[in-house]
Amino acid sequence: MSAQTARRPAAGGLRSAAGARLGGVAVLLVVAAVFPLVITNALYTQFGVDTLIFVTAVAAWNLFSGFSGYISLGHAVFFGTGAYTVGLLTQHWKVIGGTIFALLPLGGLVAALIAVPFGLIALRVRRHTFVVITIAIFFMFQLMAFNFAFTGGNNGLSTPFFLWSAAEYNNPFYYAALILAVGTILLCWAIRGSRFGLQLLAIRDDEDRARGLGVRAMRVKLTAFVISGGLTGMVGGLWWFFIGQALPQTAFNPAFDLSVALMAFLGGFGTLAGPVLGALILEPLQQWDAITFTNGFVGEIALGVLFLAVILFMPRGLIPTGRELITRWRASNARRREPAPGGAPPGGAAVAQPAASTSQPSTGTPSTGSIR
Amino acid sequence: MTALLRTAGVTKAFGGVQALSGATIEVEQGSIAGLIGPNGSGKTTLFNVITGYERVDDGDVYLADKQITNAPPDKVFGAGIGRTFQLTRVFSRLTVMENMIVAAQHGERGRGLLRNPFARAGGPATRRRAMELLEFTGIANHAGALAETLSYGQRKLLELSYVLMADPAIVLLDEPAGGVNPTLISTIADRIRQLNEQGTTFLIVEHNMDFVMGLCHKVTVLDYGTAVVTGPPDVVRTDPRVLDAYLGTAEDDDDIPVG
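So the protein sequences, as listed, match chains A and B. Letter by letter, the first sequence follows residues 1 to 372 of the numbering used here. Letter by letter, the second sequence follows residues 1001 to 1259 of the numbering used here.
Rather than coming from a laboratory, the hints here were simulated on the basis of the structure. Hints are supplied without guarantee of correctness; some may be wrong.
What the hints assert, rightly or not - In silico EDC-like links for lysine to aspartate or glutamate, alpha-carbon gap of 16 Å or less:
| # | chain 1 | residue 1 | chain 2 | residue 2 |
| --- | --- | --- | --- | --- |
| 1 | B | K1075 | A | E207 |
| 2 | B | K1075 | B | E1054 |
| 3 | B | K1218 | B | D1239 |
| 4 | B | K1075 | A | D208 |
| 5 | B | K1218 | B | D1234 |
| 6 | B | K1075 | B | D1167 |
Please put together the full structure from these sequences, using the hints given.
Written out as structure tokens, the structure reads:
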């Protein structure tokens, strides 16, 4: 009798948790869709576009780095390549108006093509060596952007003037960014649950063991790298249209990868929602302190301090830590409601621990105790 | 009896250390073969060479009549050779079931180019097969748990389970009884016997002599990277060359290495 009554609310709780998650996503989508219609202040819609650009960039980065465990600090190569590709094509074909957005897939395609040789070189090595090689390749690309004639050298590439009304100028960019962000997140979700995604996670946990179980590691890693690079290239193109100018140091920006990595780590490296959350928190914050503190260093110092705090106190990120806190809180609540007959010590870690591990959903996002 | 797995004069050096020098072994189809030898005799290196983790300097590896020398690990697994590692290696942040699905070689339908890469992992048939194997090894009740929560012995069982997902012709076990309690050792031995009766061939590296001698049909002794003796356990047990390999002397007949 008591077991039955105890089980029913638990099952209802599970269903309502999934429902709540779905509801949360729906609410978030609706809020994102109506945001520029309700808040028409151009400053805030500009924040919105910047944030969505980073949501996409972080989700795309996490799709490769978070799932495979290979930390890339060279994704600005794809961001910049996308920006320059779209820029050169716009100038060459003299594209203006709404059709510019049709060029974004081409920016993504060129970035994806660059990702093939990049990946074939960098993915031969692991861990720290991989990180160093991605940084080295990144600087090669930045140098090329500075020095080639067709990239415009130091002057970079400027966008044409768009004849959109000032009041709604940001809106086309906003919705293009929203579509990119939603598409990228959906793709991440599909990959996370797929055989391909599982192989990526297996590579993260133990690449050699995965190879011995039939996983073609190089092919799997390279595919993820190319998809991730292509998405980053598309959003790089959008960024160029929005910002109006690509310079070698802003399109191929070393701070880009640091920001992206920080956002992913803050939210939850390797999870689905973590990178989105990280970008939603950090990018508006960065924009805000850029306009609040005219001295740019204050913002950068604050970012550095935040990075240290995340690594020290929440190395797994907000989402995994939050999830753990909730399960622990629920477990202690359940104990309080139904005191154990043996008089178990209240709040004993030994009791809380198994409860936390069994309630982990089988397809849930993995905890990330350490990064490789 | 034909040889299912064969190495012919395999040589491998790491810098100045000659790990294998002309190692020639044969594992008969349908048998349980043992590979023993003192520490550093090249047993694990031979495993690594067979399964593609190390390249040979010289010599060849054959599966049935097919030459698989220097084939990469994923091809070797696909060809029908599964292996476990001396120190267990499972995907610690995946669930036990997800570990099993990683090793499943085929999607539910379609293969190669026709297979949808974004199809959900582990269809019903794959999951059913995985549960069967987990029940067989006795860790089915942990299917939803993260692999990192398993005990050392359970991880050994998980390794055996996921290797079986591909229905390998031969399974190479690197110290299956190492660091495992006696009850579990006998469970593992039972499972190996059962699988062998169903047609799976085994090659086992193991230091636990009771385990090897009780289980294996034939035992090969490796010393300094060369196979010195091959034969039934009783014969190998008393062969002076084996005692020589283990003890450095062939004089004391009674002191057979055990455990």
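Going down the list of hints, with the structure as the test:
no.: 1; hint: B:K1075 to A:E207; in the structure: holds (15 Å)
no.: 2; hint: B:K1075 to B:E1054; in the structure: holds (14 Å)
no.: 3; hint: B:K1218 to B:D1239; in the structure: holds (14 Å)
no.: 4; hint: B:K1075 to A:D208; in the structure: holds (13 Å)
no.: 5; hint: B:K1218 to B:D1234; in the structure: holds (9 Å)
no.: 6; hint: B:K1075 to B:D1167; in the structure: holds (14 Å)
Consistency with the previously given hints is maintained throughout, with no hint failing.
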